[in-house]
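Student: Just need the whole structure built from these sequences, with the hints factored in.
Protein chains: 2
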Amino acid sequence: MSTAISPLAPKKYPKMPAIEGVRIATAEAGIKYKGRTDLLAMVFDAGTAVAGVFTRSKCPSAPVDFCRDNLAGGKARILVVNSGNANAFTGKKGRESTTLTGKAAATAAGCTPGEVFQASTGVIGEPLDSGRFSHLLAGLVKDGKPDLWTEAAKAIMTTDTYPKVATATVKLGDTDVTINGIAKGAGMIAPDMATMLSFVATDAPIAAPVLQALLSKGVAPTFNAVTVDSDTSTSDTLLLFATGAAAKRGAPAITDIRDARLGQFKRALNKILKNLALQVVRDGEGARKQVEVTVTGAKSARSAKRIALSIANSPLVKTAVAGEDANWGRVVMAVGKAGEPADRDLLSIWFGDNRLAHNGERDPDYSEEATSAYMKRDEVRIRADIGIGRGKATVWTCDLTKEYVAINGDYRS
Amino acid sequence: MSTAISPLAPKKYPKMPAIEGVRIATAEAGIKYKGRTDLLAMVFDAGTAVAGVFTRSKCPSAPVDFCRDNLAGGKARILVVNSGNANAFTGKKGRESTTLTGKAAATAAGCTPGEVFQASTGVIGEPLDSGRFSHLLAGLVKDGKPDLWTEAAKAIMTTDTYPKVATATVKLGDTDVTINGIAKGAGMIAPDMATMLSFVATDAPIAAPVLQALLSKGVAPTFNAVTVDSDTSTSDTLLLFATGAAAKRGAPAITDIRDARLGQFKRALNKILKNLALQVVRDGEGARKQVEVTVTGAKSARSAKRIALSIANSPLVKTAVAGEDANWGRVVMAVGKAGEPADRDLLSIWFGDNRLAHNGERDPDYSEEATSAYMKRDEVRIRADIGIGRGKATVWTCDLTKEYVAINGDYRS
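Residue numbers (the working numbering), protein chains in the order written: chain A, 719 to 1131; chain B, 719 to 1131.
Just so you know, the hints here were simulated from the structure itself, not pulled from any lab data.
Keep in mind that the hints are not guaranteed to be accurate.
Just so you know, same-sequence chains aren't split out, so a pair can sit in one copy or run between any two.
As the list claims (entries may be wrong) - No more than 27 Å apart at the CA atoms, straight line, and that leaves these computed lysine-lysine pairs for DSSO-like: (1) 1120 - 1094; (2) 752 - 860; (3) 1110 - 935; (4) 810 - 1017.
Tutor: Structure follows, in structure tokens:
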């Protein structure tokens, strides 16, 4: 398996500020990995609101079930995340493990188990022994520090080749509030399944129902618009925490999603979600190129997204991009197989600004030379105009390389 | 691109008998390939009935449109197939080309253009100049011979590594009737899209509506149950011709799908369709292993098939098979992402006869050693029992290897 850092990794990482009301600690619990951190505790001050979205898998992991149950309460005091074992498809033992972790974390943080959130990523089908790390939680709560966001991002990595962090500071009313986020992505755990985890926190005083509405809306054009290989994890988890600590500095309490003062915050949050989602794509297994697929002129936005995902998930399109081949015929194929309304003879296709096909046939004016040069870039944009409506959507993926097959075809160790 | 014959190719090929009422000729038209045949004409005696099924792509090729139009007539006198150019996404020029080919073939065969069928496979988006081969059709009709079925299978190959043929002789009433079939599969045309073409003919006297009913039913568990990479071609075409010549030898004319005398014929036809479909899978790009995926205990047969295709199309499952890794966690993932009714805690998974997971967790009795040995076979069976109903389905695919990426990621020449 490759351990080289993705060529699409950020050129520089932001310095992550503290979020008032959040303390972070990590540890080497030795769950599977040696010589690196694999346990994260994020401790929140009393009054922290929480929102979450999860995998749509019909076979979710035990921690996903645990978080879904607790989300109704809307309150969080501690988040516990381990890497190395996903606690997925572990039956009753899985539930026992999340129950034990929940109790240990509640004791450590001085809260109820209903205010605990947890996530696990790594090998699936192996029972996760909570006893391997639950005794460490009290120490982590005691040692937590506000400025360890990058360390947090490192502790939750599996085969990610770089830690994923993003931050923004914006006005809420007249007061500065900060949003920090971390993510782990489509790396495989030697070589079990990819899992997307992301945790975002802010000091803004935003009520849980508003937070949930922001997150549910924000996830559609960001985390739900990226795909590495069309395979949905059992464990995908995105949680958003709001400590409300900025209220002391004068930030207004937001209790209504229609509150006009939310504008800047909402845009910044969506930007962070998109930033993290794209970092996940750019660290996709074996990825050498980022691919942006935009579909315009579809019957509806929903139809556009389906067609865009059909293009982005097509192995033939993805291998063509890997081969730097502007193979628009495969884009036609992927539009055709999406099953959405389309008229072959109205279809146009671009790679970057190069229109290769128009009105259902090859564009007579297209330059093979310019297009070939374009395909050598490490960010490739594909656009398909369906020509029958106003529906529009953009999704992101990466190319499909031999390295992907190597990473995922190795024997499980 | 690899030119080695697939390791899953048949150990021996059947000798293909003649079908009374069918004459075959091939030619080197030089449409794209050099030094090989790329044009096939199959000429049928008057009175030949025809049935067909086609790609579900919303962007079908011009020949698919042409065949669909003619199918309503139910009569066929000539089939013309070229390889090297798919005449797909060629706009008006595509229709002009099929019209010209239709006229030339009708003149050559002494029939109406409505009795002509045609198919094209190869590069897409390039106009197909009918003039490159239409002048050859009269000669092909004149030179046609009954015993050139294997030559026919060779002429329609693109990057297939072996010709695909199958034959059976069965009783219709008290008379022997023969069914011959050829197919070309999921090879890429250097490196444009894969296309599945198959042509089956019989001397049995079966009326077109009965033929269509047999074919539409037969295709579901055969050609519509195989997948190489989830990418649907613009050009998939399966045609079934019945010359009726066996009537002279006493075979009964069949005009009703419920005719009890059809039993043997129906079984033989379905077997040929399955045989050809599996040959396509076994010649899938880069394929090293055939994978049979069976889902049992689903809510319905339809639901079972969706789950089975979710497993068979999962890049993570397919790379695991390539790596000879019995990674049942990825099967759980693929069941979960199918979006069909499933209960994680009732799920069981087998590789061959090795049960790896049961009641939602790892089977404590499973033997790593026996399973590892099993995964080294070149035919691997995966079974998932969903545990909630009686729905059942089987589909076939191949593994996903680095060779697939190499074949499809090379520059288009």
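Student: What label fits residue 1120 with residue 1094 when the C-alpha limit is 27 Å: within, between, both, or neither?
Tutor: Close inside one copy (17 Å) and across copies (21 Å); limit 27 Å.
Student: For the identical chains here, do residue 752 and residue 860 meet the 27 Å Cα criterion within one copy, between copies, both, or neither?
Tutor: within (24 Å within a copy, 76 Å between copies)
Student: Which holds for residue 810 with residue 1017 at a C-alpha limit of 27 Å: within a copy, between copies, both or neither?
Tutor: Classified as between; 24 Å across copies, 46 Å inside a copy.
Student: State whether the alpha carbon distance between residue 1110 and residue 935 is at most 27 Å within one copy, between copies, both, or neither.
Tutor: within (17 Å within a copy, 38 Å between copies)
This entry satisfies every hint, going by the numbered hints stated previously.
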